[in-house]
Amino acid sequence: MELFIRQLINGLNTGSIYALVAIGYTMVYGIIKLINFAHGEIMMFGAYFAFLFAFSLSFQLPFILVIVLSMFFAALLGILIERVAYKKLRKAPRISALITAIGMSLFLQHLAQLIFGATPYVMKQLVDTTPVTIFNFDISRLTLLTIGLSIFFMILLSLFVYKTKPGKAMRAVSQDKEAAVLMGINVDNIISLTFAIGSALGALGGIFYAMTYSQIYPTMGVLPGLKAFIAAVFGGIGSIGGAMIGGYLIGIIETMTKAYISSKWVDVIVFGLLIVILLFKPSGILGKNRKEKV
Amino acid sequence: MLKVDNLHVHYGVIHAIKGVSFEVNEGEIVTLIGSNGAGKTTILKAISQLLEKSDGDITFLDKSLSDYKAHDVVHIGVSHVPEGRHVFPDLTVLENLEMGAYYRKDKTKIREDLYKVFYRFPRLKERVSQIAGTLSGGEQQMLAIGRALMSHPKILLLDEPSMGLAPILVKEIFDIIKEINAAGTTILLVEQNANQALHISDKAYVLETGNITLSGPSKELLNDEKVKAAYLSA
Ligand SMILES: Nc1ncnc2c1ncn2[C@@H]1O[C@H](COP(=O)(O)OP(=O)(O)OP(=O)(O)O)[C@@H](O)[C@H]1O
Ligand SMILES: [Mg+2]
Chain A
2 MELFIRQLIN GLNTGSIYAL VAIGYTMVYG IIKLINFAHG EIMMFGAYFA
52 FLFAFSLSFQ LPFILVIVLS MFFAALLGIL IERVAYKKLR KAPRISALIT
102 AIGMSLFLQH LAQLIFGATP YVMKQLVDTT PVTIFNFDIS RLTLLTIGLS
152 IFFMILLSLF VYKTKPGKAM RAVSQDKEAA VLMGINVDNI ISLTFAIGSA
202 LGALGGIFYA MTYSQIYPTM GVLPGLKAFI AAVFGGIGSI GGAMIGGYLI
252 GIIETMTKAY ISSKWVDVIV FGLLIVILLF KPSGILGKNR KEKV
Chain B
132 MLKVDNLHVH YGVIHAIKGV SFEVNEGEIV TLIGSNGAGK TTILKAISQL
182 LEKSDGDITF LDKSLSDYKA HDVVHIGVSH VPEGRHVFPD LTVLENLEMG
232 AYYRKDKTKI REDLYKVFYR FPRLKERVSQ IAGTLSGGEQ QMLAIGRALM
282 SHPKILLLDE PSMGLAPILV KEIFDIIKEI NAAGTTILLV EQNANQALHI
332 SDKAYVLETG NITLSGPSKE LLNDEKVKAA YLSA
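Protein chains in written order, with my numbering: chain A, 2 to 295; chain B, 132 to 365.
There may be inaccurate statements among the hints.
Here are the computed distance ranges between Cβ atoms for each label pair [claimed, not checked]: (1) A/N190 to B/H146: 43 to 51 Å; (2) B/H139 to A/L62: 53 to 61 Å; (3) A/L53 to B/D193: 53 to 61 Å.
Worth flagging that the hints you see were computed from the coordinates, not collected in a lab. We treat Cβ as the ideally placed atom computed from N, Cα and C, and that holds for glycine.
Between the sequences and the hints, there should be enough to build the whole structure, so can you do that?
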């Protein structure tokens, strides 16, 4: 039982990261029907940004500022990627945009390698890591922070999307672009906003991922990016709530597999799950069973 | 108020609108009638800048509309209810109406307009928190019109509002259009239901494969032999 609870907490930790990253996949898909394969690279750049802000300034920034600044620059990067690479392809066949996204992913990996080199950076801990004891369980502060901040940002996002005018406009654009234009909504700006928010949350996921595994390198976003994508599909691509649930489920499935089966089986099971979902319930947990219009 | 002069629109090589001219004066209901594929929707889309014209002029209150981006057209008082309603299916009725007032900042006036919409469409008021995609076709049409009214337009462009509705609802919708007009909104109405459209409008244009073939006061067109044969036979 103790092992189980411990693993559950670990699962929530990993799941928080997947959930944060999955939100970006799902929001971008919701608004322009594109699987943004470069999203894992946003994670990676977010982690590098955090490293730079934390260790290369002559003064020590508080942790929360490191996070906020990294998220901000990742948001700008996300906007830039959309404007440069995807915007022109909005009316192109989807496969063109998809291939561009894969190209963008590779480009960003190589760009990171050019700028930062191929050798991994060691992410020293940015927060106090002494464990806290809750109900006789020692839980690392980083775990608490990861879970706590992730949930905080997800609540913030939900409030934004469901309660504010730009949030509602974002949903309107994802449902019917032409009608949104007739309402006076500037669709380009809303799409940029979507990339900004998705990228900022993805960067946060990347920072927590780097802190959990203590390393930053140009291809670090590939595997967690793929798993977050699976989480988004699992939850129902296009659904923000689904991405959150999918993220936590994948996180928990992954840690449980590690603990009770074998760490060798983790990727087999997670990727196998993708195939099973695509075969039996392609719309995912919260997705709508709508026929795709081609 | 709205003046379309020698409008041409192409879809690639297809010449869909071939030099159409017409005019809508303030306070009027003007209708464009024509059968499937005549180009009615294309003209409305060109007015609201969803489509780029290839030639001609579209002016509204002496401003050339092609100087505006599609999302800015509503700012100067042109509101377009698209063919097929296009309500936001996963937003609630209230959220749809809020989107209609998206560009406006005057909270108290928006509230007034919301009450007016609820007054005109009591059925929407009963269903404020219903998801729009679950409304009936007639309710969705009312929502689409209500949403367009939330922008407080000077002119309302209506694309086949009676499409797919039961006869009683068709009558209700046309009555509402007349009321909206009586309350001061100019209307450009596109219809296949020529009979109803000619009955409520002041002036009419008949569109055939991208050309206007006939025009005049609606009362006269109602008695025109060619119109009777082609559009009023049913
Ligand atoms: N996206 C498009 N690409 C190519 N041709 C188009 C496109 N949209 C419309 N057309 C063509 O332009 C012409 C006018 O179409 P439009 O939709 O304006 O007709 P309409 O009068 O609104 O018809 P309906 O009453 O069926 O709505 C038609 O011949 C149609 O096939
Ligand atoms: Mg049409």
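Results for each hint:
no.	hint	verdict
1	A/N190 to B/H146: 43 to 51 Å	violated, 34 Å
2	B/H139 to A/L62: 53 to 61 Å	holds, 60 Å
3	A/L53 to B/D193: 53 to 61 Å	holds, 55 Å
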